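Residue numbers (my numbering), protein chains in the order written: chain Z, 9 to 368; chain H, 242 to 635.
No lab work stands behind these hints: they were computed from the structure. Where hints are given, some of them may not hold.
Stated by the list, open to error - Subject to a maximum C-alpha distance of 16 angstroms in a straight line, what follows is the list of computed EDC-like cross-link-like pairs (lysine to aspartate or glutamate):
| # | chain 1 | residue 1 | chain 2 | residue 2 |
| --- | --- | --- | --- | --- |
| 1 | H | Lys526 | H | Glu588 |
| 2 | Z | Lys264 | H | Glu366 |
| 3 | H | Lys599 | Z | Glu183 |
| 4 | H | Lys369 | Z | Glu276 |
| 5 | H | Lys490 | Z | Glu174 |
| 6 | H | Lys516 | H | Glu540 |
| 7 | Z | Lys179 | H | Glu392 |
| 8 | H | Lys279 | H | Asp356 |
| 9 | Z | Lys179 | H | Glu588 |
| 10 | H | Lys527 | H | Glu616 |
| 11 | H | Lys626 | H | Glu565 |
| 12 | H | Lys423 | Z | Glu174 |
| 13 | H | Lys594 | Z | Glu183 |
| 14 | H | Lys599 | H | Glu540 |
| 15 | H | Lys518 | Z | Glu174 |
| 16 | H | Lys516 | H | Asp546 |
| 17 | Z | Lys362 | Z | Glu71 |
| 18 | H | Lys492 | Z | Glu174 |
| 19 | H | Lys520 | H | Asp420 |
| 20 | H | Lys631 | H | Asp546 |
| 21 | H | Lys626 | H | Glu511 |
| 22 | H | Lys525 | H | Asp611 |
| 23 | H | Lys518 | H | Glu616 |
| 24 | Z | Lys264 | H | Asp420 |
| 25 | H | Lys369 | Z | Asp273 |
These figures come from a predicted structure and were not determined experimentally.
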Amino acid sequence: MKGKINCLQYSTMMIIIIVSSFMGIGIFSLVKAAGVDAYLSVLLTIIISIPILLLFLYIHSYEPELSLPLKLEKLYGKKIGKFVTYLCAIFIFVFANNYMFNLTNFIVSQFLPETPLMVIGIVFSLLAAYANMQGLETISRVSLILLFINLILFAIGIFGLIPSFELNNLKPFLESGLQRPFEATFFVFTLSILPMYSLLIVPKNAMVDSKRFNLSVTLSYLIGLFLIFIFCVLTLGILGIHLASIYQYPEYIILKHVNLFGFLDRIENIITATWIFGLFFSITFAIYYISTCIVPTKKKKTIPIIIVTIMLLFSVQLIPNNTTFNSYIYYVAPILKIMYFSIFIIIGISIFIKKKKKNT
Amino acid sequence: MKRLRILIPLCMLFLLTGCYNYRELTQIALTSAIGIDKNQNGEYVVTIQVLNTQKQGGDSSSSNDVTKFILYTSHGKTLQEALRTTIFNSPRRLYLNHMSLLLISENIAKEGIGDLLDFFARNTEFRKQFLVVVSRDPDPSDVMQVVTPLEALNAQNIVDSILSDAKYYGMTSKTTYEDLLKSYINPRTNIVLPSVEYIGNTEKGEGENNVKQSKPDATIELRPMAIFKDDKMIGYLTEQESRSLNYIKDKINNSILTCNCNNDGIFTAEIISSKTKLKADFEKKKITIAVEAKSNIKEINCNIDLLNSNTITEIEAIINQHLEEMIRDLIQNTLQKYQTDIFGFEELLYKSKPNEYKVLKKQYGEELLDHFDFEVVSKINVQTKGNIIKEITR
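All chains, please: the whole structure from these sequences, using the hints.
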C-alpha cells in the first residue's frame, strides 16, 4: 500500500484546491462582474460546470493506472505527449505563481508590512519542497489534517458571523436579470473549477478504494463550491456590495466581525489560517504536479527545491504590486485558464476517438 | 540528500522564530482614541489618546497619582503624516488596533469628512469597528482631556455612554467606522453620527481632581445626532428627532415615551421589543413605516382609571398617536429643511424595485422623495402597568 492514497485524501485535496484557488481573488472578480448577485454565480456554476466535472472523470478513467504524463505519452506518442505534458506544467507553474503571490501579499499586507515578500515566501517554499520530497502519500495526509483543522475554523467563523449577517444587504435580487451572474460564472469556473484538473496527475489506481472514486470527486466538487457560496453570501451579507467591492480581501475583513457568545472575538487571524493552509497546500500540490511532469516515474528529491526556488523568484519579481496582480487575475488569468482547459478538451476528444477506433 | 533533509528544517527553525517585524509592548503606544480637527493652514490636527502603561499597580496611593492616559497632538497635511509625526513628542510608535473612538470636530464635519475616510479604510492596523462621533466643541482635544469618574479612559466613557444610550434610550445609535463608510459610499444613503459636548470648566476637567469630587467640574455629555448631506454636516437633530430617526431605522431596542394624558398631566411608557418595517409602494407612491412594540407603563401623573379596560386602549392610542406624530414631524422637517435622506428611503425604494427606482430617480432627481407620501403606523401594546393598579391620590 505504500505510495497509495485513499479517496478521502483525494477528496480533501480537491476541496482544498477548489476553495483556496478562489480565496483572496475570487470575490473581488465576482463582485466586479456580478455585483450584489455574485453569490448566485456560484450556484449557477455548480450546474454549468457539471460537463467539466464529467470530462475530468472521463479523462481520469482512461488508463487508470497511469498518471497524466504517461497517459499523454500513450495517447499521443512520446514526443507530442511530452510536449503536451510540459505545456500543462508551464500553465500550472503560472497558476502556482498566483497562489504564491496571493499568499505572500496577503500576509505582508495584513500582518507583516515590514517583512519582505521573499522571507515569507521562503518559509512556505521550504515547507512545500519538503512535503514534496516525502511524496504524494505525505502530501495527501497533510491535506487531510489541514481539511479537518480548516473545517473546525470554518465552522467557528460561520457561527461567529451569523449575528452580523443582514439579509437586506443581498438585495436587490437579480437587478439586471440573470445575465450578469451568468457572465460571472466564468470567474468561478476559471478560478476554482479548472485548478482541480491538476489532480489528474494522480492516477485513479493510486487509490486503494478506487471504486468510490467518482462519488468522492462529485461530492468534493459540490462541497467545494458550496463552501465558496457560503463565503460569498457571508461577505456580501455582512459588508454589503459597496464595502465588499472596495476591499482587496473582503473575506478577511468580514472575519473581524466574528463574535462567538459575546466574548470570543478578535480571532480573525486564527480563522485566516484556513486560507493560508489552503494556499500553502495548493502550492505544494502544484510543485508535485510539475515535478511529476518532469520526472513521471522516479522519486523526486532535488526537483521540488529547484521548482520552488524558480517559482518564488518569479512570483516576487514578476508581479510588482497587487494592482498589477488584480488586473492580471481579472483580464489575463481567465484567458490562460481557458487555454489550459482547451488542452483537456482536446485530450478528452482524443481519448474518445481512440476508444472508438479501438472498439471498431 | 540526508544533509538537505536536516538543513531544510534547520533553516525553517530560524525563520519561524517570529522575531522578524516584531514590536514589543514596551515599544508601542496603545491608542484608545483619535480626535481630528484642522488648523488655520488647512492642516490636520490630530489629538491622540494613548494608554499610560507606566506601572500603576502595587501601592494604591501612588497608583492614583499616575494619569491613566496621555494626550499627544501633532499636525500634518495628511492624517498619516500627522499621526506619524506624533513620534516627535512620543517615544513610542502608535499602535492603532485597539482604538475605540474617532472624534471628528464640528468644523471638519461641516467642511466634509470624505477625505478622512480613506486613511482609516486603507490602513490594515485599524479594526473598522471603532465608533465615530462628532465633537460639538471647536477643539476635540477639549473633550479628550476630560478625566471621567467611572471609566479610566474617557474614550471608553463615551463608547459606553453611546452603547448604554442605544440600549436603553435610543437618542443615539452605535455607528462604527464601517457603518459610516457604508453610508458614505452608498449614493442612496446619508451619514448620521452621534455627537458629544464638553460640559463644565475646561481647565479643571483635565486634572485628576475632576474624579476626586462627587460632582465633577467637567463631564462629557452625549448629544443628539448630527446629520449630513453627502459628506458635509448640515445640522443637528433634536433629542426627540434623534429617537424618531432610530425608530425609523429600527435601531430602538428599549426606550421611553412621555405623552400627554387626555385630560391633563403626563405619563411615561417604556417601549420594549420595538420592530420597524419599511414598505415601499411604487404605484401609490407611498412609503409605509410600521412600528410594532410592547410597552410598560412606568409613571402616571394624571387621572387615569387603570382598572377600566377601555383606559388601556386609550393609553395605547395616545402612545401610538404620539409616536406617529414624532416620526411624521421628523420626516417632514428633515426633508423640507435639510433636503437630505437620512432614513435610507431611497435605498429602500432601490432595493424594492431597482428598475422602477432608476426611472423615478431620473425623472425627479433630488426631489424624488417629495413625490412620495409617508404613512406611519404604530402598533404599541401596553403589556404591564407596574406594581400598582390605581393612581396615587389622597
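Hints, one by one, checked against the model:
1. Lys526(H) x Glu588(H): holds, 15 angstroms
2. Lys264(Z) x Glu366(H): holds, 12 angstroms
3. Lys599(H) x Glu183(Z): Holds: Lys599(H) and Glu183(Z) sit about 11 angstroms apart, inside 16 angstroms.
4. Lys369(H) x Glu276(Z): holds, 13 angstroms
5. Lys490(H) x Glu174(Z): Answer holds: Lys490(H) to Glu174(Z) is near 14 angstroms, not above 16 angstroms.
6. Lys516(H) x Glu540(H): violated, 23 angstroms
7. Lys179(Z) x Glu392(H): violated, 41 angstroms
8. Lys279(H) x Asp356(H): holds, 12 angstroms
9. Lys179(Z) x Glu588(H): holds, 10 angstroms
10. Lys527(H) x Glu616(H): Measuring from Cα to Cα gives roughly 7 angstroms; hence the hint holds.
11. Lys626(H) x Glu565(H): violated, 22 angstroms
12. Lys423(H) x Glu174(Z): holds, 13 angstroms
13. Lys594(H) x Glu183(Z): The hint holds at about 8 angstroms.
14. Lys599(H) x Glu540(H): violated, 48 angstroms
15. Lys518(H) x Glu174(Z): holds, 14 angstroms
16. Lys516(H) x Asp546(H): violated, 29 angstroms
17. Lys362(Z) x Glu71(Z): holds, 12 angstroms
18. Lys492(H) x Glu174(Z): holds, 14 angstroms
19. Lys520(H) x Asp420(H): Violated. Lys520(H) to Asp420(H) sits at ~22 angstroms, over the 16 angstroms cutoff.
20. Lys631(H) x Asp546(H): Between Lys631(H) and Asp546(H) the Cα gap is close to 7 angstroms, so the pair holds against 16 angstroms.
21. Lys626(H) x Glu511(H): holds, 10 angstroms
22. Lys525(H) x Asp611(H): holds, 13 angstroms
23. Lys518(H) x Glu616(H): holds, 12 angstroms
24. Lys264(Z) x Asp420(H): Holds: Lys264(Z) and Asp420(H) sit about 14 angstroms apart, inside 16 angstroms.
25. Lys369(H) x Asp273(Z): holds, 14 angstroms
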